[in-house]
Structure formats: structure tokens, C-alpha cells
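Asks: So you can see what is in the structure, the chains are spelled out below.
Protein chains: 2
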Amino acid sequence: MKSILITGISGFVGGHYTRFLLNTKKDVIIHGISRSKPVWDFIKDRKKNLNSIHFYKFDLLDSTPLNRFMKDIQPDYILHLAALSSVAESWRTPVDSFCNNTTAFLNIVEAARNENPDCKILSVGSSEVYGIVKNEDLPIPETYRLSPSNPYAAARLSQEYLAHIYAKGYNLNICCARSFNHIGPGQKDHFVVSSIAKQFADISVNGKNPVINIGEGSIIRDFLDVEDVIVAYNAIFEKGLSGETYNVCSGKGYSILDIVNSLSEITLIKITIEQQKDLIRPVDNPVIIGNNHKIIEQTGWKPTIPFKATLKKIFHYWCKHV
Amino acid sequence: MKSILITGISGFVGGHYTRFLLNTKKDVIIHGISRSKPVWDFIKDRKKNLNSIHFYKFDLLDSTPLNRFMKDIQPDYILHLAALSSVAESWRTPVDSFCNNTTAFLNIVEAARNENPDCKILSVGSSEVYGIVKNEDLPIPETYRLSPSNPYAAARLSQEYLAHIYAKGYNLNICCARSFNHIGPGQKDHFVVSSIAKQFADISVNGKNPVINIGEGSIIRDFLDVEDVIVAYNAIFEKGLSGETYNVCSGKGYSILDIVNSLSEITLIKITIEQQKDLIRPVDNPVIIGNNHKIIEQTGWKPTIPFKATLKKIFHYWCKHV
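Heads up: the sequence lines are chains A and B, in that order.
FYI, numbering that gives the first Met the number 0 numbers position 22 of the first sequence as 21, with every residue one higher than the one before it.
FYI, numbering that gives the first Met the number 0 numbers position 276 of the second sequence as 275, with every residue one higher than the one before it.
It is possible that some hints are incorrect.
Identical chains share a label here; the pair holds if one copy fits it or two copies do between them.
[Unchecked claim] Taking lysine-lysine and the BS3-like style, the derived pairs with C-alpha atoms no more than 25 Å apart in a straight line are:
#, residue 1, residue 2
1, K25, K251
2, K276, K167
3, K293, K312
4, K133, K167
5, K119, K1
6, K119, K301
If you are wondering where the hints come from, they were derived from the structure by calculation, not from laboratory data.
Generate coordinates for the entire structure from the input sequences, incorporating the hints supplied.
Replies: Laid out in C-alpha cells, this is it:
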């Protein structure tokens, strides 16, 4: 019987990862930490599996309960998802964003170092660490120079450096993921794809004006279905090498306008687009597309879900939730 | 009349920078922040100048008094020196070391952003951000890849990234220094050159056994006299470009054994060397030597004090203080 600790279990990826474990791993005990109680639709349907989930409500910024918890629970795996993951919010509150993200991570690895040094840790980070990327360098491999251009990205890169230092200096078993944008049902609507799909659902379900508000429409990102993301994380737990960092991405890029146009095709709704100045960030990356050769070669993982299939799922999710 | 805020004014570099200002800039008001009252020998001799120094005792981790202070004082320049600067200590208390260093810096730049956005800031960092360096790449230029290998170095690199983000994203005027080892009279004896010079003074003044305790003797560092360091900081304030990072270094390397042998020659004391295992760090850089062409070209600064002259000054300092 193996056990896993998932920080930020109540979040978007935490929910999907938990469902993945319940569906595929009958012999895993799940310990979830979060500041808020999870609200997952799927929990209702799966009563018999729920005995394997243990939920703990506390703040990762407080190291005392975390150390006690780590000593008691001794998880075999730690998936560190908990984060303040909004770039826009990090521009508004840079100190809170940076300090909370780095301190939560440090408290986790420090508790592991002191109380549970043999566990395997996956530190989830972000493609934002690459910063402004030249078109001719796309798709970006892990060896590309790092140049975080917002407070959130700086925290994520610090987390990576600290992970490597804990792996080499303290001999912990830690892998890092550089996750590119991931999308799927249940993601909050301050993330761009959710925001756009929700606006389409509002038009479709509530008859709102067919106007879609976006920030900078030309921005291109590498969007990966959250179901592919969690299989990638599982592959890194199984086959990732300690001290290594893996891009988790599709290898393909879509612009914000592509998303709007695809959803317009999927929903058969003709819309007009309005650009909102307050959605444009002070410094932003025009294009990010990742190179996923390393994770494919080292773990055998690969993305499987087509982009439009994901957009359709997200739209249907919002049709039930607007 | 210009004013400067110096954080960590009670420290080694803070004291030397203050003396430099008192000696060379008659029209500068100095505001110093520190957690502890400064104890400077030179203060006794220079009563007439001391009206231009204002000392404030508070903790940079507490942003409230800092914001109020920044609003009231409106310094033209900010020299951010305050730091927990021991690599060895950062391995013992990685969370405190990382969080205190990054939070103190963030609180300073955030206070500047909110209350005093036109000031010029010098963020003092460290050559430790380069990590393990290949011999064939020495001396290291600023463009060398960054790879911090201890918790202190990770904090210093985070500070640099945050400085660049505040410069570009919030339009603050910030330069960064990557300071290599600096040495001089008054530096605490947990730093290697001070430790060795103090041991020589103990032998010379107190007749202790002629045994010098060191860690790894083959480690090579780029040591710069603190008097050269402060002139470099002043040059960056005067001519440094916002968003730029400058190596502050001598361009020459000396090993720990070189220091012991030079002090043995200077003092005419024959010693034996004992290696202390607890002085050896978990992961360490065998050699660091910096390339100082950028600061020389952009500001006209250059190092002026020979290495042995500096060692002599430090030995004489310790002869008065053991």
C-alpha cells in the first residue's frame, strides 16, 4: 500500500489528479492538504472509493502542523500543487505572490528533509520561467535560458532552484515539472480559456449579448488538457530522475483569438470581440510553445487529447455552471 | 542636498560605505536602517559629520514601518545591503535564510514602488548565483549561465530576477551588483579571511598555539578589498544603467591556502594547518573568479588595492580586537 500527499488538493489539478488516482490506482491512500475544503462533482458518484482520501485543512505557510503531519503520515510521494498561480494577481500583489509560493514550497521540502527524506517529490512549476522567447527558438527545450518576467515566474524559478539544491545538497528525491498552460473543466474563470468558454456558455445558456471580452488576442500559448497533465505527472513519479526538470506541454501553440474562433465554430455562435485594457499585463510573453521531447523520451508519456475536444468539454462544463 | 537610505547600515559594508560618504560627500544625508545599533570605531573621531547620519532601528521583514518611513524620507538613493549573507548558515536554516533575504528585498522595492518610485536603487547580490563554474570559463562574465547551488545563492538570484521585474514591469530605477567575496577590517570572523587573520592575531597577540584551522584549503575565490567595493557601488549609482547587473570583483583568484601562506609571510609566523570537517559545506564551488570588464567599461571604476595590503590591514584590525 503506497500513500501520496497532494498539496492544493482542492484546486483544479488536485481534483483531476485525485480522480485519476481513484480511477486507476486501487492501492493508494491519498492525503490532501488545502486551505479550503474541496468541492468536486465526482465525489458524489464514487462513495466506495472515498475511504482512501484523507483531507487536512491547514495553511502551508505554517510549518509546525506540516512537520507534525509529515512525521505522522510518511507519504511515499508528494505532489506539490499548492500555489497562487495567477500572473495577473502577482503583478497586483508581488510580495504576497512571491513569498507565499516560495515559502509553501520550502516548508514542504523542509518537512520532507526533516521527517520523511525517502519520499519522492514532484515540484510543479511553470513555463513562465522562460520569459520572453524568440520566435526562432520555439518550441522551447528545458535547456533554454531562463528569464522570468513577472513576480509569479520569479517565484516558480526560485522553487526550481531550491528543488535542485534540496536534491543535490540534502539528497532528496525531487523532480520538477515546468507546466505550460493547462486547461479543462473546473478551472476557475480568471484563467483565459475558462473565461472565454464561460462567456460562450453565458451567451448560449443565459442569452447574454454575443460579445467576448479578451485581453491581448495575439498571445500564443501551449495549452495541454489537464487529463494529459496528470498522466504526465504520474509518469514523472514513475520514471523521472531526481534533480531533473521536465517540460509538461503539448508542443503546439494556439492564440487567444484561435480559442475564441474555435469556440465560435464548436458552439455555432457568432460573436464580436472586445479588448479589455485591464486584462493586458505590464510585461507579457507574446509566444510560448514548449518542446516535450525530454519527458516523452525519459518517461514514455505523450499528449493524447485534441485541442478542440478539450475546448468542447470546457464549454459543456460552463453550460452547467453559469 | 541628496539623501541615501542604506539598509543593513550596521554591517561590515554599511560601515565602510558610511565612512566613504562622510569622507567624500559633504552634501549627502544618510538614513540607515538596521536591526541593531551600529558600533563603528570611526564614529568617535568624526563628531562634526555625524549630524548627517540618521539611524532607524527596525526589521525589514515588517513592511508597515518601512512604507511609512519611505513616504516620510523620500531618499534619492537606496543601497540595499541588509542580508543574512552566510552560505554555511543557509545550509543549516535554509527556510529562514531564503525567506528573510527575499522578503527584506521585496519589502524595500515595494515600499519604493508605492511611496518613492523615482529613487535609484542598488540591489547588492552575490557571485554565488553562478554556482559550480568550469575552469575553462574563468573569469566569469555577467552573461554566464546561472546555477545557484546553495539556499543563500538561490535567494540572491531570486533577488536579481525580482529587481529586473521591478525595473521593467514597474519602471523602477534598479541596478544589481553581483559582489564576489569582499574583505577588510571589521568583517565578522565567520567569513574565511577574517577567521584566518583573527587566528594569526591570536597567535601574535595572545601567544596561542601556531595552528590555523580552515575548511577546504584548495577553494579559490575572487577577493576584493571593501574599500574598492564601496567605490564600485558609488560608481554604479552614478553611471549604472537601470535593469543591468554588474560583477563587482578583482578579476583575480586566491585559494584559502594562499591566504594562510600570505599571512604567514606578512606576520613572519610559522604555522601548521588543520582542516576542520565542520567548515566544509555540502556542495561547494571549487573556483570562482569574476570578469570585471562590464563595470570598468560602463562606469570607469577599477580595483586599486593590492591583495597583500588588504590582508595586512585585516591582520592589524584583529590584533586590536582579539
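Asks: Indicate, hint by hint, whether the structure satisfies it.
Replies: Right, here's what the structure says about each hint:
no.	hint	in the structure
1	K25 - K251	neither (34 Å within a copy, 61 Å between copies)
2	K276 - K167	between (45 Å within a copy, 19 Å between copies)
3	K293 - K312	neither (28 Å within a copy, 54 Å between copies)
4	K133 - K167	between (32 Å within a copy, 18 Å between copies)
5	K119 - K1	within (12 Å within a copy, 54 Å between copies)
6	K119 - K301	within (22 Å within a copy, 49 Å between copies)
Of the numbered hints given earlier, the model fails hints 1, 3; all others are met.
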